[in-house]
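Chemist: Kindly generate the complete structure, drawing on both the sequences and the hints.
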Amino acid sequence: MKSTFFHFLLKLTAFTALLIVGSFVLFKSISKTDLFSEISLLFTYFFFLNAAIYYVLVKSAKKNPQVFVVRFMASTVVKLFLSLAIICVYIYLNRETAVAFVLAFFSLYALYTIFEIIVLISHFKKQGAAKKSHV
Numbered sequence: 007m008k009s010t011f012f013h014f015l016l017k018l019t020a021f022t023a024l025l026i027v028g029s030f031v032l033f034k035s036i037s038k039t040d041l042f043s044e045i046s047l048l049f050t051y052f053f054f055l056n057a058a059i060y061y062v063l064v065k066s067a068k069k070n071p072q073v074f075v076v077r078f079m080a081s082t083v084v085k086l087f088l089s090l091a092i093i094c095v096y097i098y099l100n101r102e103t104a105v106a107f108v109l110a111f112f113s114l115y116a117l118y119t120i121f122e123i124i125v126l127i128s129h130f131k132k133q134g135a136a137k138k139s140h141v
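In terms of my numbering, the sequence shown opens at residue 7 and continues consecutively.
Since the hints were derived computationally from the structure, they do not count as laboratory data. Treat the hints loosely; a few may be bogus.
[Said to hold, decoys possible] Taking lysine-lysine pairs in the DSS-like style, the calculated list, with each CA pair at most 30 Å apart, reads:
1. Lys34 <-> Lys132
2. Lys17 <-> Lys68
3. Lys131 <-> Lys65
4. Lys131 <-> Lys34
5. Lys8 <-> Lys85
6. Lys69 <-> Lys8
7. Lys131 <-> Lys69
8. Lys17 <-> Lys69
9. Lys69 <-> Lys132
10. Lys8 <-> Lys68
11. Lys17 <-> Lys132
12. Lys68 <-> Lys131
[As the list claims (entries may be wrong)] Computed beta-carbon distance windows for the label pairs:
13. Val76 <-> Thr119: 30 to 40 Å
14. Ser128 <-> Lys69: 12 to 22 Å
15. Leu99 <-> Phe12: 30 to 40 Å
16. Ile127 <-> Phe54: 18 to 28 Å
17. Phe112 <-> Ser35: 18 to 28 Å
As the structure is a computational prediction, the values presented were derived from the model and not from experiment. Quick reminder that beta carbons are idealized off the backbone N, C-alpha and C, glycines included.
Modeler: Below, the structure written as structure tokens:
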């Protein structure tokens with residue numbers, strides 16, 4: 007589990023770095039405001055959230071594969087409501103940049119969710135192939 011999680015963290019770090027560079031270039035080229043400094047905290051939020059979700063899901067699947075579906079759905083709901091709370095607080099505090107923030111937030115939410123699903127599918131395919139080769 008430790009090496010699997012470490013490899014995931016390496017992939018997540020590379021993905022986050024790629025998104026940071028891409029976002030920085032995009033915001034500097036099209037935005038008049040310095041919204042990137044506000045959005046930069048979102049990378050930390052999504053990094054740690056995805057790391058925690060991956061850890062919990064992979065660990066629960068090892069113990070009891072039937073629990074995985076319940077944990078996956080629960081983690082999705084928690085991630086969604088936590089994200090909605092962050093968006094609501096931001097909109098309440100910063101009305102003038104709210105639209106740009108929400109667009110950036112949901113773009114990152116979608117990208118990190120796609121990344122999470124791809125990595126989880128890849129992990130479980132490898133795990134399934136390893137089980138078949140031992141049989």
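Chemist: All hints are to be evaluated individually against the structure, with a verdict given for each.
Modeler: Tested hints:
1. For the given pair, Lys34 sits about 40 Å from Lys132 by alpha-carbon distance, which is inconsistent with the 30 Å threshold.
2. Under the criterion of a C-alpha separation no larger than 30 Å, the hint pairing Lys17 with Lys68 is consistent with the structure, at around 21 Å.
3. A threshold of 30 Å between alpha carbons decides the hint, and for Lys131 with Lys65 the separation of about 16 Å falls inside it, so the pair holds.
4. The suggested pairing of Lys131 with Lys34 is violated, with an alpha-carbon distance near 40 Å, which exceeds 30 Å.
5. The hinted pair formed by Lys8 and Lys85 meets the criterion: a straight-line CA distance of about 24 Å does not exceed 30 Å.
6. Distance hint between Lys69 and Lys8 is fulfilled; the C-alpha atoms sit about 15 Å from each other, no more than 30 Å.
7. Taking the CA atoms of Lys131 and Lys69, the gap is about 17 Å. The hint holds against a cut of 30 Å.
8. With a C-alpha separation of about 24 Å, the suggested pairing of Lys17 with Lys69 holds against the 30 Å cut-off.
9. A hinted pair counts as satisfied when its Cα atoms are at most 30 Å apart, and Lys69 with Lys132 qualifies at roughly 17 Å.
10. Of the pairs offered as hints, the one joining Lys8 and Lys68 holds, with about 13 Å between alpha carbons and a cut-off of 30 Å not exceeded.
11. Among the hinted pairs, Lys17 with Lys132 is consistent with the structure: their alpha-carbon atoms are about 16 Å apart, no more than 30 Å.
12. A threshold of 30 Å between alpha carbons decides the hint, and for Lys68 with Lys131 the separation of about 14 Å falls inside it, so the pair holds.
13. For Val76 and Thr119, the Cβ-Cβ distance of about 18 Å falls outside the hinted range of 30 to 40 Å, so the restraint is violated.
14. The beta-carbon spacing between Ser128 and Lys69, approximately 20 Å, falls within the hinted interval of 12 to 22 Å.
15. Take Leu99 and Phe12: their Cβ atoms lie about 37 Å apart, and the range 30 to 40 Å holds.
16. Remark: the range hint 18 to 28 Å for Ile127 to Phe54 is upheld by a beta-carbon distance near 22 Å.
17. Checked against the given bound of 18 to 28 Å, the beta carbons of Phe112 and Ser35, roughly 20 Å apart, stay inside it.
Hint compliance for this structure: hints 1, 4, 13 are not met, and every other hint is.
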